[in-house]
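Visitor: The residues making up each chain are set out below.
2 protein chains.
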Amino acid sequence: MMATSRPAEDTATETDSFRPRVDNRQEQIIGIACRLFARRGYEGTSLRDIAEEAKITKAALYYHFPNKEALYHRIVLDSLQALIYHVRAAVDLAPTPLEKVRQFMLVSAEFMDADRDSWMAGSNAFWMGAESEPRTLAVALRNEYEAMLRTCISDAINSGEFRKSNVAMTGRFLLSALNQISRWHNPKGAMTIREVIEQYLDMALHGLQAPAKA
Amino acid sequence: MMATSRPAEDTATETDSFRPRVDNRQEQIIGIACRLFARRGYEGTSLRDIAEEAKITKAALYYHFPNKEALYHRIVLDSLQALIYHVRAAVDLAPTPLEKVRQFMLVSAEFMDADRDSWMAGSNAFWMGAESEPRTLAVALRNEYEAMLRTCISDAINSGEFRKSNVAMTGRFLLSALNQISRWHNPKGAMTIREVIEQYLDMALHGLQAPAKA
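From first to last, the protein sequence lines stand for chains A and C. Residue numbering for the first sequence follows the working numbering, starting at 1 and increasing by one per position. Residue numbering for the second sequence follows the working numbering, starting at 1 and increasing by one per position.
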């Protein structure tokens with residue numbers, strides 16, 4: 001998950017606690033935490049549960065992650081930051097506002113699909129988590145992500161590509177479709193994530209209703 | 001929650017374990033279970049947590065609900081059954097397939113909005129729950145609900161009101177918007193749930209893209 005969000009030449013120091021060095025044990029702990037957070041929620045999962053599942057002592061777990069917030073940071077915040085980084089890069093390259101909306105949807109869906117467990121874990125933790133500092137940071141990132149889509153929509157309305165609409169509602173409408181995909185889409189199934197998004201965009205852009213007969 | 005799904009003259013017996021008699025204590029337990037399921041998920045909440053929060057003994061809790069499945073039944077399954085009952089009544093009365101789709105969305109949203117805590121609890125329990133008998137029943141009800149929408153969509157395509165589309169994908173597209181509303185909509189805010197659905201339907205039916213200039 002991290003690998004995509006920092007350049008290969010990055011040599012993070014040990015003091016950089018939110019971007020710990022990746023090793024196999026850490027990856028294993030993160031994978032277990034993702035599964036448990038996804039299944040039981042953030043509040044319903046303790047560090048002891050994670051240590052038990054990883055078959056390590058709590059002391060060994062503390063060596064990697066001093067508390068649950070550090071794991072939350074690693075899973076939810078890093079994931080959101082990487083999502084924003086990739087989506088912004090694609091949106092910046094797209095030539096028109098409408099094409100920016102399309103890239104926002106496509107790249108977001110591909111990102112979520114590529115890392116479903118951590119995405120579901122993050123989503124559950126995000127929605128079910130109590131108020132806390134990591135959650136406040138996650139909300140700020142989530143707002144930044146949503147604001148990026150709203151800017152694309154607003155630009156598309158101003159350019160005349162989109163009809164006039166309530167920009168916030170249009171953003172929610174598109175994000176709802178996106179957010180639910182990991183609930184039902186099987187990456188090994190008949191439809192690729194790209195086909196799903198193309199069908200959704202066709203419906204959202206052109207509407208379900210048949211054109212009135214002349 | 002139950003009150004809406006059975007007639008006033010219903011005199012359920014004590015042996016009718018899935019439709020227990022309503023009293024204040026039961027309503028209080030259900031309210032607490034809803035909040036805890038919504039916050040920590042079904043797996044992350046124990047009967048002991050619920051008893052502690054209700055300030056009653058576990059024995060007193062067992063008197064009302066012999067196990068967690070019975071509470072799940074009461075909260076998730078009764079809620080889904082009542083949803084289907086109300087939506088079907090409205091869909092049956094609507095004159096055209098397109099109007100049936102509209103009623104499906106409106107009545108569903110109003111139902112979810114009227115009982116947000118139990119809806120969120122049910123939704124979290126549904127998505128995060130392990131495989132179990134109650135979950136299997138919930139999945140069957142969920143499929144029945146989704147099938148009702150797909151029939152309306154398919155009828156609208158056949159009647160020429162809707163463009164040709166993948167019916168399952170169209171159903172998912174509409175349900176995604178519906179399912180996410182309780183995540184962001186504030187019933188005391190500026191928009192009523194009916195206004196939200198009307199805006200969503202306008203976008204879904206007519207599309208976001210501006211008509212091509214002649």
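Hints listed in this document are in silico derivations from the structure and should not be mistaken for laboratory results. It is possible that some hints are incorrect.
Because identical chains cannot be distinguished in the list, a pair is counted as satisfied if it fits within a single copy or across any two copies.
[As the list claims (entries may be wrong)] Derived pair list, reagent style EDC-like, types lysine to aspartate or glutamate, alpha-carbon separation capped at 20 Å:
| no. | residue 1 | residue 2 |
| --- | --- | --- |
| 1 | K164 | E53 |
| 2 | K188 | D49 |
| 3 | K68 | D117 |
| 4 | K58 | E27 |
| 5 | K188 | E198 |
| 6 | K68 | D92 |
| 7 | K164 | E198 |
| 8 | K55 | E99 |
| 9 | K68 | E53 |
| 10 | K188 | E146 |
| 11 | K68 | D113 |
| 12 | K164 | D202 |
| 13 | K58 | D117 |
| 14 | K68 | E43 |
| 15 | K188 | D155 |
| 16 | K188 | D117 |
| 17 | K68 | E27 |
What you are looking at is a predicted structure, and each value in this text was computed from that prediction instead of being measured.
Visitor: Now, for every hint given, state plainly whether the structure supports it.
Guide: Structure-based check of each hint:
Proximity of K164 to E53 under the C-alpha cut-off of 20 Å is found in neither arrangement, the shortest distances being 52 Å within a copy and 49 Å between copies. Proximity of K188 to D49 under the C-alpha cut-off of 20 Å is found in neither arrangement, the shortest distances being 30 Å within a copy and 39 Å between copies. Taking the shortest Cα distances, K68 and D117 sit within 20 Å of each other inside one copy (18 Å), while across copies they are farther apart (26 Å). Taking the shortest Cα distances, K58 and E27 sit within 20 Å of each other inside one copy (16 Å), while across copies they are farther apart (40 Å).
Taking the shortest alpha-carbon separations for K188 and E198, only the intra-copy value of 18 Å comes in at or below 20 Å, while the best inter-copy value is 36 Å. Taking identical chains as interchangeable, the C-alpha atoms of K68 and D92 are never at most 20 Å apart, the minima being 35 Å within one chain and 50 Å between chains. Proximity of K164 and E198 under a CA criterion of 20 Å is satisfied inter-copy only: 15 Å between copies versus 22 Å inside one chain copy. For the homomeric pair K55 and E99, neither the shortest alpha-carbon distance inside one copy (48 Å) nor that between copies (57 Å) is at most 20 Å.
In the homo-oligomer, the alpha carbons of K68 and E53 lie at most 20 Å apart inside one protomer (15 Å), although the nearest pairing across protomers, at 24 Å, exceeds that limit. Taking the closest pair of Cα atoms, K188 and E146 never come within 20 Å of each other, the shortest separation being 29 Å inside a single copy and 23 Å across copies. Taking the closest pair of Cα atoms, K68 and D113 never come within 20 Å of each other, the shortest separation being 25 Å inside a single copy and 33 Å across copies. When the C-alpha separation of K164 and D202 is checked against a cutoff of 20 Å, the pair qualifies both within a copy, at 18 Å, and between copies, at 12 Å.
Proximity of K58 to D117 under the C-alpha cut-off of 20 Å is found in neither arrangement, the shortest distances being 23 Å within a copy and 35 Å between copies. In the homo-oligomer, the alpha carbons of K68 and E43 lie at most 20 Å apart both inside one protomer (10 Å) and across protomers (19 Å), since each shortest distance falls under that limit. Taking identical chains as interchangeable, the C-alpha atoms of K188 and D155 are never at most 20 Å apart, the minima being 36 Å within one chain and 30 Å between chains. In this assembly of identical chains, K188 and D117 lie within 20 Å of each other by CA distance solely inside one copy; the values are 15 Å within and 34 Å between copies.
Taking the closest pair of Cα atoms, K68 and E27 come within 20 Å of each other only inside a single copy of the chain (15 Å); across copies the shortest separation is 34 Å, beyond that limit.
The structure does not agree with the numbered hints 1, 2, 6, 8, 10, 11, 13, 15 stated previously, though it agrees with the rest.
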